[in-house]
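Visitor: If you want the building blocks of each chain, they are given just below.
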Amino acid sequence: MNLSIRKISAILQLKLQSIITNVSIMVAPLLAIGFVLIMKISMPKAVMTGAFLLSFGVLFNSIMGGIMMGSYPLAEEKEKNTLRVLMTSSVNGAEFIIGSIIPSILMIILVNIILVPIAGVAMSKINWPIYLIYTTLSGFISIMIGYIVGIYSKNQMQAGNISMPILLIFTMTPMFQMINKTIANIASFAYSGTIINFINNMLTKSYSANFKDIAVLTIWTVLSILIFIYAYTKHGLDSE
Amino acid sequence: MSIISMDKVTKQNNGNYDLKNITLNIDANSKIGIKLPPTITKTLFGIIKGIIPISSGSITRETNSIVYGLNDDGLYESYSVKKYLKLFQKIFNSDVSISDNLQEFSLEDVENTKIKELSKDQKRRVSLFRMFISSSKLMLIESPLTNLTDEGIELYLKAVEFVRKSGITILFTSYYMEELLLLSDEIYRYNEHTGLEKTDVVNEPSAVSTDDKTDKFQPQKNFKVACKLADKTIFFNPDEIDFIESINSVSNIRIGDEYYPSLLTMNELEQKLESFGFYRCHRSYLVNLQRISELISYSRNSYTLILKGPTKEKLPLSRAKMETLRKLIGA
Chain A
1 MNLSIRKISA
11 ILQLKLQSII
21 TNVSIMVAPL
31 LAIGFVLIMK
41 ISMPKAVMTG
51 AFLLSFGVLF
61 NSIMGGIMMG
71 SYPLAEEKEK
81 NTLRVLMTSS
91 VNGAEFIIGS
101 IIPSILMIIL
111 VNIILVPIAG
121 VAMSKINWPI
131 YLIYTTLSGF
141 ISIMIGYIVG
151 IYSKNQMQAG
161 NISMPILLIF
171 TMTPMFQMIN
181 KTIANIASFA
191 YSGTIINFIN
201 NMLTKSYSAN
211 FKDIAVLTIW
221 TVLSILIFIY
231 AYTKHGLDSE
Chain B
1001 MSIISMDKVT
1011 KQNNGNYDLK
1021 NITLNIDANS
1031 KIGIKLPPTI
1041 TKTLFGIIKG
1051 IIPISSGSIT
1061 RETNSIVYGL
1071 NDDGLYESYS
1081 VKKYLKLFQK
1091 IFNSDVSISD
1101 NLQEFSLEDV
1111 ENTKIKELSK
1121 DQKRRVSLFR
1131 MFISSSKLML
1141 IESPLTNLTD
1151 EGIELYLKAV
1161 EFVRKSGITI
1171 LFTSYYMEEL
1181 LLLSDEIYRY
1191 NEHTGLEKTD
1201 VVNEPSAVST
1211 DDKTDKFQPQ
1221 KNFKVACKLA
1231 DKTIFFNPDE
1241 IDFIESINSV
1251 SNIRIGDEYY
1261 PSLLTMNELE
1271 QKLESFGFYR
1281 CHRSYLVNLQ
1291 RISELISYSR
1301 NSYTLILKGP
1311 TKEKLPLSRA
1321 KMETLRKLIG
1331 A
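If you read the protein sequences in the order shown, they are chains A and B. In this text, residue positions in the first sequence follow the working numbering: the first is 1, and each later residue adds one. In this text, residue positions in the second sequence follow the working numbering: the first is 1001, and each later residue adds one.
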């Protein structure tokens, strides 16, 4: 499959605009920033620690935002029959995917960085390389999940319906962890669980990259890519 | 020189035929129109472009620069016309100038307008412009005139003319004969049993000379039924016709699922078509004997003829005509 930088950059510009102008997608990063800000101002400091605020914001942004940025634009293109026009205009699936992932990832990284000062965490307390790698990877996994949802849905409404339960499960991970030890244990194997543990440990104790976290994230990444490739080769982007 | 030549191309899907027996040569600068149902247009386009594999037959492509547009293709509504076209200019890596050609597509005044504010007429021309930017040798377009206003049709035809002048061959498909008559010179009809059949179309001479003598030179064995649609007259071979039905004292030629009003009366048609194996089975029906597949008697005094084809059209047959019919078909 030939990849043309020219076409990818054309798609990239197109997608950047469609993400920024789509209110239902932008709601995730904006909510992440907004909620963190409101909770920090309105709630007592003892409950709203920096660790809680930051992990809350990152979950919202990377997971909810990622899944939405993957599924909605793809479903929208299918719904409005514009994807077919691109595909018959010599753009291939890989170019489309690469061109669409880049702006989404950049957006997630940017918001994850902004969230640190907003949550009131000192810049020096963040282990930046690991923070960026972990949060970006979880954003990537979410986007992949979003694409899988997008492949199986015909329009934005359906994409919303399918992604909502997935989205809730992963964003609510910290609440599940509070229920009891067993569930907390299970949740630590979810990629969202890893992110929360990492942020908590980094800000309260000290964190060093351990085998379990790396393995969990790697397996999720590989698995999401494999499922995506399976869905893509079976149905194509446009499963009419 | 043929850009595309297809020989008995057939596409099967889950045991059903999507397309059957397509034999078609698309010559450079030809103006072909194909009448076919919308459901299979996408398959045909995909096959011609080479993104859908065929089940049997053969297809040779002189060029791979083929672009197609379907009737419900979408545009990026939040983009302005210019921005949208620039996006595709970049994708196609095209050196076609946008600003120089806007006038040809009658889009000069809306260059900076957002696409969602355009009328349907204008959107269709933006789509055509987008395909023009690709500098493809062959364009395949589905029903571009459907739901357009009269002005929209006029401007679209003007743009089509311009595209054709710049050396691009365009093939149109539509479910409506009228639309194809406006867009193309060479018209084929798709029949799901026999494949593509060419329809003879003759352009109406602009100066009408009524010369009655010409009628006398018409050989009896070479009769064609004339039907007038828009400003063109279509001629059907008698063997294409399933039957003729008189509705409100107009004789309607029935071919497949379509009716074409004829200029002649039932009596005139009966006289002319008798020698081609047509029989007046009822006061308002003239049937092509070759199309009869069954004869059913529901009661002692009435008979029903069932015709070949997917619709299994039923025609009444009066008892008095029964014997003559039996003799005619030798049953």
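Worth flagging that the hints you see were computed from the coordinates, not collected in a lab. Glycine is no exception: its CB is placed at the ideal position from the N, C-alpha and C atoms. Careful, some of the hints might be misleading.
Stated by the list, open to error - With beta-carbon atoms standing in for the labels, derived distance ranges:
{"hint": "1", "chain 1": "A", "residue 1": "K234", "chain 2": "B", "residue 2": "S1166", "range": "37 to 43 Å"}
{"hint": "2", "chain 1": "B", "residue 1": "M1001", "chain 2": "A", "residue 2": "M164", "range": "30 to 36 Å"}
{"hint": "3", "chain 1": "A", "residue 1": "S24", "chain 2": "B", "residue 2": "K1314", "range": "50 to 56 Å"}
{"hint": "4", "chain 1": "A", "residue 1": "N210", "chain 2": "B", "residue 2": "K1116", "range": "41 to 47 Å"}
Visitor: Now, for every hint given, state plainly whether the structure supports it.
Guide: A quick look at each hint next to the structure:
1. Range check, K234 (chain A) to S1166 (chain B): about 41 Å between beta-carbon atoms, so the 37 to 43 Å window is met.
2. About 56 Å separates the C-beta atoms of M1001 (chain B) and M164 (chain A), a value inconsistent with the hinted range of 30 to 36 Å.
3. The supplied range of 50 to 56 Å is met by S24 (chain A) and K1314 (chain B), whose beta-carbon atoms lie about 54 Å from each other.
4. Judged by the Cβ atoms, the range 41 to 47 Å given for N210 (chain A) and K1116 (chain B) is violated: they are separated by roughly 52 Å.
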